[in-house]
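Enquirer: Residues per chain are reported as follows:
2 protein chains.
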Amino acid sequence: MDELRQHIRRYCQISDAELSAMAPYFSLQTFRKRELLLKEEERCDRMFFVEKGCVCVFFTKDNGQEQVVDFAIEQWWTTDFGAFLSHSKSRLGIKAVEPCTVLVLTRTSKDKLLRDFPQMEQYFRTIAEKAYSAAQHRIRLLYELSREQAYFYFRDKFPEFVQRVPQYLLASFLGFTPEYLSEIRKRAFLKRV
Amino acid sequence: MDELRQHIRRYCQISDAELSAMAPYFSLQTFRKRELLLKEEERCDRMFFVEKGCVCVFFTKDNGQEQVVDFAIEQWWTTDFGAFLSHSKSRLGIKAVEPCTVLVLTRTSKDKLLRDFPQMEQYFRTIAEKAYSAAQHRIRLLYELSREQAYFYFRDKFPEFVQRVPQYLLASFLGFTPEYLSEIRKRAFLKRV
Numbered sequence: 226m227d228e229l230r231q232h233i234r235r236y237c238q239i240s241d242a243e244l245s246a247m248a249p250y251f252s253l254q255t256f257r258k259r260e261l262l263l264k265e266e267e268r269c270d271r272m273f274f275v276e277k278g279c280v281c282v283f284f285t286k287d288n289g290q291e292q293v294v295d296f297a298i299e300q301w302w303t304t305d306f307g308a309f310l311s312h313s314k315s316r317l318g319i320k321a322v323e324p325c326t327v328l329v330l331t332r333t334s335k336d337k338l339l340r341d342f343p344q345m346e347q348y349f350r351t352i353a354e355k356a357y358s359a360a361q362h363r364i365r366l367l368y369e370l371s372r373e374q375a376y377f378y379f380r381d382k383f384p385e386f387v388q389r390v391p392q393y394l395l396a397s398f399l400g401f402t403p404e405y406l407s408e409i410r411k412r413a414f415l416k417r418v
Numbered sequence: 226m227d228e229l230r231q232h233i234r235r236y237c238q239i240s241d242a243e244l245s246a247m248a249p250y251f252s253l254q255t256f257r258k259r260e261l262l263l264k265e266e267e268r269c270d271r272m273f274f275v276e277k278g279c280v281c282v283f284f285t286k287d288n289g290q291e292q293v294v295d296f297a298i299e300q301w302w303t304t305d306f307g308a309f310l311s312h313s314k315s316r317l318g319i320k321a322v323e324p325c326t327v328l329v330l331t332r333t334s335k336d337k338l339l340r341d342f343p344q345m346e347q348y349f350r351t352i353a354e355k356a357y358s359a360a361q362h363r364i365r366l367l368y369e370l371s372r373e374q375a376y377f378y379f380r381d382k383f384p385e386f387v388q389r390v391p392q393y394l395l396a397s398f399l400g401f402t403p404e405y406l407s408e409i410r411k412r413a414f415l416k417r418v
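Chains as they are written, first to last, in the numbering used here: chain P, 226 to 418; chain E, 226 to 418.
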């Protein structure tokens, strides 16, 4: 739970003893590359904190293709939050992009954790506010940038991330075909030479 | 503060006396139609709770046109959350679509409110989680639906809202010209007749 301990400490004051007492509320799970953490249409009763690795969040389009809408790497929480909050079936799937170590927090455990450690309200408030502010900015970018501009934006803003994820997933996230992404990268490379 | 009292009560347990004691943390402001609650590039140190009316959230594009990215009506909080959290300049403007009554909560007041009434952590956690889950779903829709499908989605899901906001703002939000929106509506009407 090292990554999570660090993450909690960043946003709320909590003792070592309390952090240790919280451990049983989380379960540590590992996933192989391409393994599903959450299936579409499955009842969504858990949140995932990435300790190690990278996952993608996607939905299956009418033509059967998977459309990537988000990623999560170390120290990110992810799930279908709407389904999690409303106790309903997930409209999103989550898949390991790399071998992953993940802390799973079920809704029941989260409720109990917040009752037993009310100071965790501040932690979950802060991460939800940060997630919402990132999503609000992303919605603005979806209006503002062409797909090609979005590629350059992500490449310049998150260079390590763009290197890290497989290109076909990055292409899907940006709304490209993999071929078109490779063309843009070639053009950008030639411009620099 | 009636709308806010109801809203807080929905998400956390709090007494009448406590609610009354919170009143001084908020300031009530009214805005005329088209008046700005928040300017782009202005330092963003406040959140807005709509008591009565409707506002739109926008940014100015390179060509000078205002692009609407969101709306907020009664019982919604709004601001540029990224700028609010990072104490920076707003990348979004907020404008009254109708005459509005708004409760303003500055960052300083919010911090003090959370120190003095820690049970409000649960309220702000819950509204941030709900806002994030709505944004996550909206990002999915931006990938999934054509602009025309998005119009029908919003019309069927939020019929009163689609009736309430001026059509040129709805068109901007959906990424249309007002003329194209009127064409879609006409076609849809003719199909029903």
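Hints listed in this document are in silico derivations from the structure and should not be mistaken for laboratory results.
A few of these clues could be false.
[To be verified] As a list, the in silico DSS-like pairs of lysine-lysine whose alpha-carbon atoms are at most 30 Å apart:
1) E:Lys264 <-> P:Lys286
2) P:Lys411 <-> P:Lys320
3) E:Lys382 <-> P:Lys382
4) P:Lys416 <-> P:Lys382
5) E:Lys258 <-> E:Lys416
6) E:Lys286 <-> P:Lys411
[Stated by the list, open to error] Listed next, the stretches of chain E that the computed footprint assigns to chain P, with coverage defined by at least 3 CB atoms under 8 Å from CB atoms of chain P:
7) 289-297
8) 308-318
9) 349-358
10) 407-414
Ideal Cβ positions, reconstructed from N, Cα and C, are used throughout, including at glycine.
Enquirer: Against this structure, judge whether each hint is valid.
Expert: Results of checking the hints against the structure:
At most 30 Å may separate the alpha-carbon atoms for a hinted pair to count; Lys264 (chain E) and Lys286 (chain P) exceed this at roughly 39 Å. Taken as a hint, the Lys411 (chain P) and Lys320 (chain P) pair is honoured in the structure, with Cα atoms around 29 Å apart against an allowance of 30 Å. Pair hint Lys382 (chain E) plus Lys382 (chain P) does not hold up; C-alpha atoms about 35 Å apart against a cutoff of 30 Å. A distance of roughly 19 Å separates the Cα atoms of Lys416 (chain P) and Lys382 (chain P); the hinted pair therefore holds under the 30 Å criterion.
For the given pair, Lys258 (chain E) sits about 35 Å from Lys416 (chain E) by alpha-carbon distance, which is inconsistent with the 30 Å threshold. The suggested pairing of Lys286 (chain E) with Lys411 (chain P) holds, with an alpha-carbon distance near 29 Å, which does not exceed 30 Å. A count of 3 residues in the region 289-297 of chain E with a Cβ less than 8 Å from any Cβ of chain P is obtained; the coverage claim is therefore met, three being the minimum. Counting residues of the region 308-318 of chain E whose CB lies closer than 8 Å to any CB of chain P gives 4, so the stated coverage by that chain holds, three being the minimum.
Judged by the Cβ-Cβ criterion of 8 Å, the region 349-358 of chain E is covered by chain P as claimed, because 8 of its residues qualify and three suffice. Only residues whose C-beta sits within less than 8 Å of a C-beta in chain P count toward coverage, and the region 407-414 of chain E has 0 of them, not enough to reach three; the restraint is violated.
The structure does not agree with the numbered hints 1, 3, 5, 10 stated previously, though it agrees with the rest.
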